[in-house]
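Participant: Letter by letter, the chains look like this.
Number of protein chains: 2
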Amino acid sequence: MTAAPTSVSVFGPGLMGGSLLMALRQRAPDIKLGVWARRTAVVDELKLRKLADFGGTDAAAVAADSQMIVLCLPVEHLEKVAAEIKDVLPRNAWVTDVGSVKKSVVETLEKLFGRGGCFVGSHPMCGSEEAGLQAARTDLYQGALCVITPTSHSNPQAVRAVSALWRTVGARTIEMEPAEHDRAAAIVSHVPHVAAALLVELVRAEKPSFRELCAGGFRDTTRIASGSPDLWAGILSSNRAEVLAALRKLTAAATRIEGALQSNDTDALRAFLAEAAQHRFEILSRS
Amino acid sequence: MTAAPTSVSVFGPGLMGGSLLMALRQRAPDIKLGVWARRTAVVDELKLRKLADFGGTDAAAVAADSQMIVLCLPVEHLEKVAAEIKDVLPRNAWVTDVGSVKKSVVETLEKLFGRGGCFVGSHPMCGSEEAGLQAARTDLYQGALCVITPTSHSNPQAVRAVSALWRTVGARTIEMEPAEHDRAAAIVSHVPHVAAALLVELVRAEKPSFRELCAGGFRDTTRIASGSPDLWAGILSSNRAEVLAALRKLTAAATRIEGALQSNDTDALRAFLAEAAQHRFEILSRS
Chain A
1 MTAAPTSVSV FGPGLMGGSL LMALRQRAPD IKLGVWARRT AVVDELKLRK LADFGGTDAA
61 AVAADSQMIV LCLPVEHLEK VAAEIKDVLP RNAWVTDVGS VKKSVVETLE KLFGRGGCFV
121 GSHPMCGSEE AGLQAARTDL YQGALCVITP TSHSNPQAVR AVSALWRTVG ARTIEMEPAE
181 HDRAAAIVSH VPHVAAALLV ELVRAEKPSF RELCAGGFRD TTRIASGSPD LWAGILSSNR
241 AEVLAALRKL TAAATRIEGA LQSNDTDALR AFLAEAAQHR FEILSRS
Chain B
1 MTAAPTSVSV FGPGLMGGSL LMALRQRAPD IKLGVWARRT AVVDELKLRK LADFGGTDAA
61 AVAADSQMIV LCLPVEHLEK VAAEIKDVLP RNAWVTDVGS VKKSVVETLE KLFGRGGCFV
121 GSHPMCGSEE AGLQAARTDL YQGALCVITP TSHSNPQAVR AVSALWRTVG ARTIEMEPAE
181 HDRAAAIVSH VPHVAAALLV ELVRAEKPSF RELCAGGFRD TTRIASGSPD LWAGILSSNR
241 AEVLAALRKL TAAATRIEGA LQSNDTDALR AFLAEAAQHR FEILSRS
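Residue numbers (our numbering), protein chains in the order written: chain A, 1 to 287; chain B, 1 to 287.
Accuracy of the hints is not assured; some may be wrong.
Same chains, same names: a pair is fine if it fits in one copy or spans any two.
Stated by the list, open to error - Under the rule of at most 25 Å between Cα atoms (straight-line distance), these lysine to any residue pairs were calculated in the SDA-like manner:
#, residue 1, residue 2
1, K111, R49
2, K249, D220
3, K47, A4
4, K50, R27
5, K207, R91
6, K86, K207
7, K249, P229
8, K32, A144
9, K207, L133
These are calculated hints, taken from the structure and not from any lab test.
Can you make the complete structure from the sequences, with help from the hints?
Facilitator: As structure tokens, this is what we get:
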């Protein structure tokens, strides 16, 4: 058993951070909740809603009072905030993040936090095309998968504490190496995002009248393309080697389907579609 | 005003045909409903459920009693059934279909039915990955778009009657030329289907552990890949020239994104994602 931290602070209360505060308040009412945000108004709102017991706009001051710090910031902003808090962390305080890319983040933050492996990366896989505190909800993590990415430098206590935190809010946890996580995320999330955006742009380039025909299938297939452009440009850029490799596999496979269409090989098309339908069923029924 | 037909027969009571019978029974209880199916048991079930007043497995016999015939069959089966009924149609009986591909279907069936332009193509855009009579529901057509594809050969009365039929069950109707419909369907529906199947196969080709990470975004993006392989192989094959052209546009666009990733052009990635998010909003808010 890992003792629950007496205080957890969220740095960046958007969809992920705000939902974490809501879930912790409901499921672990004994934990003191802290918040760091850029704007005082956001801190005040969270205190008013009883979702934060302490907090402010001074990162070091908030960190100094926190046993567990969850950095819920876009990947490109993590380093700056981490640098501001690294020297004031209480003894046996642990730090994690919620970024969609892990290798570069873990390398940077492990080096930065140094001493004792207090940083362990997390990626709770329940983001959505929505964003911001107004989209936060108590059950965001319920039933979601959270990938924890410890390394040989990680403090085992930190790994246990971070995993326990996510389980407290209802997530299942698995451990993966950071590089392995990034390969997997490129395949199951980042390239699907690119594909969804490409499908939107395919329609956009055609006559306006074609848009009339966009029905439920198009809506679902492209839903993730409504995600935050800033957030996703950061994700794709941070994970560009893996995204590029996966996207090339996708275009190579598309070229094979083009060949089947060109030669009107209906059997090959049927086999391709039958395998995809069967595999989708297998992939999504494993949990 | 177009007088409602006194009898409407569905040939092939699956998801589309079964839903049409249910909707007509509810919204137009004065219309006699007929059904043709391959198996007597299906006809009997529909009669028992009061969704058919007459019908059987003899296509010509059912057609002879019908003022409006709706062929709800996979595109590759349309010609055979149409040939069986073409000589027995009552005077001023109209025929339509629900196929996802129109140019080849309309050319074939217009020639086959000949006299008077009694055939007019339809494509109600509300199919789903579900299939079969058990998936049918009364409100399938409610709010859906139905594309009607008349030609210069079509009898104007038939066009009005077919449009009125779809509006009776709650659909909006628009008219498009068959070839134009097929270009649009390739862009908004057929290529997204191929892309969804390609994304499933991308995951499938990787380590089984990657599947653990498939979350809600993957589920939505690939939902249509669970559609009937037989149905969709027929659709892709029938519309292969347009699907091929659209798929090539998609892979060309993907290659441009690969270039932006390779040169780590985050501004280009952000612009691409921002346009897609904005355009998706515009495309889907037009209705």
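Participant: Within a copy, between copies, both or neither: which one fits K207 and R91 at a CA-CA cutoff of 25 Å?
Facilitator: For K207 and R91, the Cα distance exceeds 25 Å both inside one copy (62 Å) and across copies (39 Å).
Participant: Could you place K111 and R49 in one of the four classes (within, between, both, neither) given a Cα distance threshold of 25 Å?
Facilitator: Intra 36 Å, inter 70 Å, cutoff 25 Å: neither.
Participant: Is it within, between, both or neither when you check K50 against R27 at 25 Å Cα-Cα?
Facilitator: Within one copy, since 14 Å is at most 25 Å while 52 Å is not.
Participant: Can you give me the call for K47 and A4, within, between, both or neither, at a CA distance of at most 25 Å?
Facilitator: For K47 and A4, the Cα distance is within 25 Å only inside one copy (22 Å; across copies 63 Å).
Participant: Have a look at K207 and L133 and pick one of within, between, both or neither, based on CA distance no larger than 25 Å.
Facilitator: neither (37 Å within a copy, 35 Å between copies)
Participant: Checking an output row: K249 and D220, CA cutoff 25 Å. Within, between, both or neither?
Facilitator: Answer is both: 23 Å inside a copy and 21 Å across each meet the 25 Å cutoff.
Participant: Indicate which option fits the pair K32, A144 if close means a Cα-Cα distance not exceeding 25 Å: within, between, both or neither.
Facilitator: Close inside one copy (24 Å), not across copies (50 Å); limit 25 Å.
Participant: Between the shortest in-copy and the shortest cross-copy C-alpha distance, which are at most 25 Å for K86 and K207: within, between, both, or neither?
Facilitator: neither (54 Å within a copy, 37 Å between copies)
Participant: How do K249 and P229 come out at 25 Å by Cα distance, when the copy is not named: within, between, both, or neither?
Facilitator: both (24 Å within a copy, 23 Å between copies)
When held up to the earlier numbered hints, the structure conflicts with 1, 5, 6 and 9 and fits the remainder.
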